[in-house]
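There are 2 protein chains.
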Amino acid sequence: MRDNNEMPGHLARRFQQIAVAVFLAEVEEAGFDLTPVQYAALSAIRTNPGIDQVTLAGLIAYDRTTITGVVDRLVQKALLVRHASSRDRRARELQITEAGKRTLRAITPAVEAAQRTMLRGLTEKEGAELMRLLRKATAAGNALSRAPLRDAELR
Amino acid sequence: MRDNNEMPGHLARRFQQIAVAVFLAEVEEAGFDLTPVQYAALSAIRTNPGIDQVTLAGLIAYDRTTITGVVDRLVQKALLVRHASSRDRRARELQITEAGKRTLRAITPAVEAAQRTMLRGLTEKEGAELMRLLRKATAAGNALSRAPLRDAELR
DNA sequence: TACTGATAATCAGCATGCTGAGCAATATCG
DNA sequence: CGATATTGCTCAGCATGCTGATTATCAGTA
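Chains A and B, in that order, give the protein sequences. Residue 155 is where the first sequence ends in our numbering, and the numbering goes up by one at each step. Residue 155 is where the second sequence ends in our numbering, and the numbering goes up by one at each step.
If you're looking for bench data, these hints aren't it; they were derived computationally from the structure. Treat the hints with care, as some may be off.
Just so you know, same-sequence chains aren't split out, so a pair can sit in one copy or run between any two.
[To be verified] List time: in silico SDA-like cross-link candidates among lysine to any residue, alpha-carbon distance up to 25 Å:
1) 77 - 3
2) 125 - 135
3) 101 - 85
4) 101 - 2
5) 125 - 100
6) 136 - 123
7) 136 - 112
8) 136 - 50
9) 136 - 25
10) 77 - 66
11) 136 - 126
12) 77 - 4
13) 101 - 5
14) 125 - 2
15) 125 - 4
16) 125 - 48
17) 125 - 38
18) 101 - 6
19) 125 - 143
Sequences are here, hints too, so could you generate the full structure?
Have a look at this one:
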């Protein structure tokens with residue numbers, strides 16, 4: 001039996017665990033209170049104003065039931081507004097607020113710093129190679145999770 | 001602003017998301033109901049009978065407060081027993097049951113298959129390189145999370 | 001021995017993430 | 001047009017994971 005610490009699954013969880021901890025630490029140090037999901041959602045909504053929740057979920061590869069709660073909390077923080085779509089009364093259109101835009105701009109350096117911190121220990125070349133391999137592996141396994149990454153244009 | 005999908009943090013979460021989905025699918029197909037954490041804990045306890053919860057948490061890099069619930073559920077499933085230590089009345093000694101050992105043996109092929117599935121899309125060499133880079137990155141970032149990996153002998 | 005600090009475990013509370021179900025609205029097809 | 005299927009969203013329920021606090025116990029020291 002292979003040692004648990006040598007399994008890809010364990011290493012994946014461990015790297016993700018460190019990545020989240022680093023993200024939250026950098027963001028808090030910068031004076032903000034935003035989780036990785038919340039950041040990803042806010043960022044995607046800024047790029048795609050008026051997007052509905054299902055499309056948003058696909059863009060950042062989150063489950064749609066998870067997005068409901070995430071959007072709730074972003075609305076609570078007044079970084080987003082959510083209102084019914086006029087074309088499809090089932091859908092909710094998401095718009096970033098001015099406060100949301102300000103937060104995104106102000107938080108970006110901390111987010112970038114976090115990305116560097118989580119790769120510390122790797123050389124520049126190794127970091128790039130890790131990214132390439134993760135992109136390749138996640139592309140191949142995309143359909144295996146309930147929340148695959150989806151291109152907005154393909155919808 | 002860098003696209004979210006190009007950030008190490010996003011790729012880390014995505015790979016972990018796929019890894020968990022693959023693990024659960026393979027394990028369920030084999031007729032078992034065990035999560036990745038539960039498997040890791042059970043496996044570590046078999047190797048270290050009588051281990052206490054804090055040491056267990058360190059061995060598999062989980063937060064001690066998370067382990068409480070995980071152990072609860074494993075005891076519930078009769079795969080573990082938990083009883084007070086005689087030397088230290090604060091600590092609980094964990095022992096794997098016969099049913100736990102049988103489950104571990106029977107589930108191993110599914111777990112190994114899951115590890116291969118989550119690396120599908122990568123060549124043999126790329127898979128090994130990904131593992132090496134993840135090991136290096138997690139070793140460098142080990143202390144950054146609240147639940148660092150800890151060697152049992154160092155305690 | 002009494003005091004002080006550290007440690008093992010648990011708990012409350014919050015935020016992800018998932019499965020599966022349900023509701024309302026829309027799209028499709030006979 | 002009307003039945004049926006599909007879609008957007010939400011909810012209940014469960015399991016991770018985390019922060020911070022509390023309780024019981026142990027260890028070291030004045």
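How the hints compare with the structure:
{"no.": "1", "hint": "77 - 3", "in the structure": "between (44 Å within a copy, 24 Å between copies)"}
{"no.": "2", "hint": "125 - 135", "in the structure": "both (15 Å within a copy, 16 Å between copies)"}
{"no.": "3", "hint": "101 - 85", "in the structure": "within (22 Å within a copy, 55 Å between copies)"}
{"no.": "4", "hint": "101 - 2", "in the structure": "between (48 Å within a copy, 16 Å between copies)"}
{"no.": "5", "hint": "125 - 100", "in the structure": "neither (35 Å within a copy, 44 Å between copies)"}
{"no.": "6", "hint": "136 - 123", "in the structure": "both (20 Å within a copy, 10 Å between copies)"}
{"no.": "7", "hint": "136 - 112", "in the structure": "both (22 Å within a copy, 21 Å between copies)"}
{"no.": "8", "hint": "136 - 50", "in the structure": "neither (31 Å within a copy, 41 Å between copies)"}
{"no.": "9", "hint": "136 - 25", "in the structure": "between (28 Å within a copy, 21 Å between copies)"}
{"no.": "10", "hint": "77 - 66", "in the structure": "within (17 Å within a copy, 28 Å between copies)"}
{"no.": "11", "hint": "136 - 126", "in the structure": "both (15 Å within a copy, 10 Å between copies)"}
{"no.": "12", "hint": "77 - 4", "in the structure": "between (40 Å within a copy, 21 Å between copies)"}
{"no.": "13", "hint": "101 - 5", "in the structure": "between (41 Å within a copy, 20 Å between copies)"}
{"no.": "14", "hint": "125 - 2", "in the structure": "between (29 Å within a copy, 19 Å between copies)"}
{"no.": "15", "hint": "125 - 4", "in the structure": "between (28 Å within a copy, 20 Å between copies)"}
{"no.": "16", "hint": "125 - 48", "in the structure": "neither (33 Å within a copy, 39 Å between copies)"}
{"no.": "17", "hint": "125 - 38", "in the structure": "neither (30 Å within a copy, 36 Å between copies)"}
{"no.": "18", "hint": "101 - 6", "in the structure": "between (42 Å within a copy, 21 Å between copies)"}
{"no.": "19", "hint": "125 - 143", "in the structure": "between (29 Å within a copy, 23 Å between copies)"}
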